[in-house]
Each structure stands twice: as structure tokens, then as C-alpha cells.
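Using the working numbering, the first residue of the sequence shown is number 315, and each one after it goes up by one.
Treat the hints as calculated values from the structure; they're not laboratory data. On a predicted model such as this, the values are computed, not experimentally measured, just so you know. Errors might be hidden in some of the hints.
Straight-line distance between alpha carbons at most 30 Å, and here's what the computed DSS-like set of lysine-lysine pairs gives [to be verified]:
#: 1; residue 1: 464; residue 2: 373
#: 2; residue 1: 384; residue 2: 374
#: 3; residue 1: 515; residue 2: 442
#: 4; residue 1: 451; residue 2: 464
#: 5; residue 1: 374; residue 2: 464
#: 6; residue 1: 464; residue 2: 428
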Amino acid sequence: MLICVFGFMLISEFDYKLPEELIAQNPLGKRDISRMLVVNRAEKSFQDKHFYNFPQFLKKDDVIILNNTKVFPARLFGISETGAKIEVFLVREIENQIWETLARPTRRLKTGRKIIFGENLTAEVLGKTEEGRVVAKFETDGDFNEILDKIGQTPLPPYIKREPGNSDTDRERYQTVFAKQRGAIAAPTAGLHFTPQILEKIKNLGACVAEITLHVGYGTFEPVRVSDLSEHKVLPELCEISEQTA
315 MLICVFGFML ISEFDYKLPE ELIAQNPLGK RDISRMLVVN RAEKSFQDKH FYNFPQFLKK
375 DDVIILNNTK VFPARLFGIS ETGAKIEVFL VREIENQIWE TLARPTRRLK TGRKIIFGEN
435 LTAEVLGKTE EGRVVAKFET DGDFNEILDK IGQTPLPPYI KREPGNSDTD RERYQTVFAK
495 QRGAIAAPTA GLHFTPQILE KIKNLGACVA EITLHVGYGT FEPVRVSDLS EHKVLPELCE
555 ISEQTA
């Protein structure tokens, strides 16, 4: 039973046991062989299927909305002027090459301190936000995004308990096949199961496939620290709906 009284919803009502061994640490060989639970609300029934069965539950004129955001390698590793190893996670670009970041160890990052990365990329600490996030200005002689693509690592979800995502496999599989607009620090995970073949089947059924852009931000990693969900602050994310989709 879910307790929700006068607008209050306790997060304790969402607790359930999830064995760690059931949390996949690596993707399946193919995107569409993942398991899918089908809920028929009219019949109040459940079916265990695979994602490659998804098109059979659609009909002509159904509308499928895809999030075409593209994940960029937002995790960087560098060295401070004192020689300390620093991990920096790009959260939000405030203005040109000035970023709000999660960095650790934070205690070593005083205002004015510089962090040195590879490919002639450096960052200067400008200060910290009220939440303790580090604001840093990045400087380079080259193209910032191209350098990120070279030395940055894929920001995998916190429940993936293995080495950071620096392999070509992680970069390819933690990205949807329809990703176009760079800007997300996490993938829209529901879209990871689609393949070009499934999208083609959907279109052949006469269903409509449209796209929006929603850059998944740090809020997807932010834990809920309150007991009442109504008190949880949801961080903003940039969303764009094209005139064609609208």
C-alpha cells in the first residue's frame, strides 16, 4: 500500500529488496534483447517480454517520442598544482567554458587553484556554490569539446560498480542510436534499448516517431535526502521541442 495523505508521500513506501547480483554491470550483447514488462491496464494483466517485441504492442497513428540528447564524456581526471589527484565531473556550463562541477577531494580546491589535465587543458577554481559544487574556468588552445572527447570518460550511473567508462564499448552503448544534440551528462536510459531495426518496424506500422531534446542533468544522480517526497527539490534540465514536433 502506498501512503499519500494530504500531498505527503513517504519515500519509505518505495523501499524494496534488490539483490546486488541482479544489477547488470555491463550491457547485453544486443540492445533489444533486454527484458520488458508489459502491463495491460484494461485486463489488469502482466506479460514478460523482450524489447524486440515492443512494436507488436503498437498500432497505426500511435506516437513515439524520442529524446535525441547526446551524452558527452563529462568525467575528467587531473592533477592540482600541489600534485594531488583530482576528479572533476562537469555538471552545468554557466557560460563559455565556465562550469559548475562536482570535484573531489574538494578540500584541496581553494579559489585560484589550478587543475592540470591532458591535451593542454587546465582549469582554474573560481569558487564554490552554496551546495558545495566547484565552479571552474577551463582554458585550452584547442577545441574544448574535441579535447573532452579525447580525455573525458563516460559518466556511468552510480550503481555501476566498476572502473569508469573509458572504453569504446561504454561510449557506444551508453548512447542511444538516435542521439544527435550534445549536452547530457547521463543517457535517457529508456531509449538505450531501441535499434535502427525496431525504429523501422515502428514506422512501417504507421506509427509516428517524433523527437525532442532534454539534456539529462545532475538531478538524475542527486539522491533523495528527505523522507517526504514533496520536500525534494528537483533540479532543472534544459528541454527543447522543435516546431515540427510540436
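*Distance restraint between residue 451 and residue 464, which requires alpha-carbon spacing of 30 Å or less*: Holds, because 19 Å separates the two Cα atoms, which is no more than 30 Å.
*Is the Cα-Cα distance between residue 464 and residue 373 30 Å or less?*
Violated, at roughly 43 Å.
*Does residue 428 lie within 30 Å of residue 464 when you go C-alpha to C-alpha?*
Holds: residue 464 and residue 428 sit about 20 Å apart, inside 30 Å.
*Taking only the CA atoms, is the gap from residue 374 to residue 464 under or equal to 30 Å?*
violated, 43 Å
*Starting from residue 515, check that the Cα of residue 442 is at most 30 Å away, please.*
Since the Cα atoms of residue 515 and residue 442 sit roughly 49 Å apart, the hinted pair is violated (cutoff 30 Å).
_Holds or violated: residue 384 and residue 374, Cα atoms, limit 30 Å._
With Cα atoms ~29 Å apart, residue 384 and residue 374 stay inside 30 Å; holds.
When held up to the earlier numbered hints, the structure conflicts with 1, 3 and 5 and fits the remainder.
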